[in-house]
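K.L.:
Listed below are the residues making up each chain.
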Amino acid sequence: MTAFYVVLALFACAGLLLAFSYNRLVRLRNKVAEAWRDVDVQLQRRHDMIPRLVELVKAYAAHEGELFAKLARLRGEAETASGPVTKSAPESELAAALGTTIAVAESYPSLRAAENFLALQREIAETESEVAAARIIYNGNVRIFNTRIQTPPVSFYADLLGFEPAAFFQAGAEGTV
Amino acid sequence: MLGEAGAVHYAPTMSEPDYNEVESEERRRLLRSFGYWDLVALGAVVGAGLGFLYGLAHAPRERAWDVFAGMAVGAICALVVGWARAQSRARQRFFTRWAAERQWLYEARGEPFEDTLFLQSGDKRKASDFFSGFWPGSGAVLYQHKRIVGRGDDEQETDYVVLHFSLRRPLIDLLQISPRSHAAELGEKLFGHSEIHERIELESTELDQHFRVSGLRGREDEVRRLLTPSAIVKLLDFQRACSNESARFEILGSNVAFLVKGTLSPKQPQLIEGRLELWRPIASWLMEEADEQARLPEAVREEGPS
Chain A
1 MTAFYVVLAL
11 FACAGLLLAF
21 SYNRLVRLRN
31 KVAEAWRDVD
41 VQLQRRHDMI
51 PRLVELVKAY
61 AAHEGELFAK
71 LARLRGEAET
81 ASGPVTKSAP
91 ESELAAALGT
101 TIAVAESYPS
111 LRAAENFLAL
121 QREIAETESE
131 VAAARIIYNG
141 NVRIFNTRIQ
151 TPPVSFYADL
161 LGFEPAAFFQ
171 AGAEGTV
Chain B
1 MLGEAGAVHY
11 APTMSEPDYN
21 EVESEERRRL
31 LRSFGYWDLV
41 ALGAVVGAGL
51 GFLYGLAHAP
61 RERAWDVFAG
71 MAVGAICALV
81 VGWARAQSRA
91 RQRFFTRWAA
101 ERQWLYEARG
111 EPFEDTLFLQ
121 SGDKRKASDF
131 FSGFWPGSGA
141 VLYQHKRIVG
151 RGDDEQETDY
161 VVLHFSLRRP
171 LIDLLQISPR
181 SHAAELGEKL
191 FGHSEIHERI
201 ELESTELDQH
211 FRVSGLRGRE
221 DEVRRLLTPS
231 AIVKLLDFQR
241 ACSNESARFE
251 ILGSNVAFLV
261 KGTLSPKQPQ
271 LIEGRLELWR
281 PIASWLMEEA
291 DEQARLPEAV
301 REEGPS
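Same order as they appear, the protein sequences are chains A and B.
Its first residue numbered 1, the first sequence is counted upward by one per residue in the numbering used here.
Its first residue numbered 1, the second sequence is counted upward by one per residue in the numbering used here.
Just so you know, not all the hints are guaranteed correct.
As the list claims (entries may be wrong) - What follows is a set of in silico ranges between Cβ atoms, one per label pair, in the way DEER data are often shown:
1. H47/A with R199/B: 31 to 41 Å
2. Q44/A with P179/B: 27 to 37 Å
3. D18/B with L118/A: 28 to 38 Å
4. D154/B with G162/A: 50 to 60 Å
No lab work stands behind these hints, which were simulated from the structure alone.
The beta carbon of each residue, even a glycine, is placed where N, CA and C say it ideally should be.
With these hints in hand, go ahead and build the complete structure from the sequences.
P.N.:
Have a look at this one:
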């Protein structure tokens with residue numbers, strides 16, 4: 001009879017531990033998703049600035065049509081991509097193209113001195129640093145979540161509970177503006 | 001308050017003062033002073049008198065021994081008091097000179113700040129060693145804050161090094177960022193939540209592992225608007241730089257306090273500069289945010305940043 005109670009207690013303990021562990025993993029996975037939404041919001045802010053920038057620069061450098069077309073194409077690609085894996089490459093290229101556009105704009109002294117350009121440039125720089133920060137937070141959450149599910153004892157049952165490693169968002173060219 | 005009457009002003013000499021030198025100079029000065037030996041002699045006489053009275057009260061004990069013991073105790077007390085006074089003078093002189101070398105101001109005594117919730121907490125509060133002028137124009141003050149909880153024999157004292165400053169404009173009604181404590185969380189689960197504040201879980205798991213962020217109940221949006229990803233990264237960088245210290249931040253309207261457990265020691269003055277360097281990125285970010293808010297027209301400010 002005593003052995004039965006001991007076995008029952010052991011099962012109860014194991015069940016409790018599993019429940020706690022499951023709850024923790026769900027919380028960590030939600031944090032990864034929340035951090036990704038934050039990255040997405042910041043990337044959307046970046047996308048929203050592109051038409052305004054193109055509009056401004058076009059007035060001074062209409063011959064840079066190729067660059068504007070590239071920006072529009074990359075913006076479209078980045079917006080249609082979803083998830084950290086597919087978004088990494090177009091977003092990196094877009095950040096680089098954004099940097100080039102700013103550099104082109106800066107070669108026109110009258111544009112460089114224009115107040116609305118300066119304000120937009122400041123806004124872009126702020127957004128780029130927020131994108132970089134959101135990426136750091138997202139990757140930090142992914143690292144903690146992945147470490148948790150890939151190390152014992154959680155690694156023995158994480159798969160069974162449906163937890164899979166999350167993908168990192170690779171560093172792009174943000175912060176170059 | 002700072003740098004007014006009573007403060008000794010030194011002109012910078014471009015040479016770092018040495019605390020050991022200042023301390024031994026004060027000790028020499030003490031030993032050479034007539035007043036000190038008079039005090040020791042007086043202590044011995046008073047002690048002898050008290051010893052004699054003690055002997056009278058406890059007859060038939062040997063009165064001579066009581067007199068000698070009283071003399072010794074009186075003289076030792078006078079010696080210790082003089083020594084402690086020399087230490088305190090050395091500390092004050094050293095900090096004044098050390099601050100002057102950096103064009104800062106130092107004041108040994110002052111009233112503790114009590115304009116944030118944590119600084120108001122405790123049954124009694126004391127403050128000492130006020131430094132200012134390290135960030136010109138900011139009104140920031142670094143000092144040692146003693147928080148006393150309980151009364152009489154149950155009194156418990158905790159020392160904090162506090163950086164205090166006021167923003168040009170209130171940024172948020174209340175924001176508390178404190179070291180994460182499992183005991184506090186368990187207490188909250190067992191005894192219920194606070195009516196005034198609530199815990200806010202931000203998107204960073206790492207931040208959650210180290211800090212507990214809380215704001216006024218029902219004002220989560222305000223906290224989230226202030227703690228943008230780049231602000232969170234600043235907090236994480238700060239945490240990495242001082243992983244062994246449990247730092248606490250508090251904003252109440254326009255009053256900001258950064259606290260860390262510990263004392264200011266003249267033997268390690270470089271720690272003061274070290275702490276200021278660690279706190280600087282977060283402090284300047286808050287100041288910039290407040291300045292930016294102050295520049296915005298009232299209507300935009302109420303709406304919040306887009």
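K.L.:
State for each hint whether it applies.
P.N.:
Structure-based check of all given hints:
1. H47/A with R199/B: 31 to 41 Å: Holds - the Cβ-Cβ distance for H47/A and R199/B, about 34 Å, lies within 31 to 41 Å.
2. Q44/A with P179/B: 27 to 37 Å: holds, 34 Å
3. D18/B with L118/A: 28 to 38 Å: violated, 50 Å
4. D154/B with G162/A: 50 to 60 Å: holds, 53 Å
The structure is inconsistent with hint 3 alone, although it conforms to all the rest.
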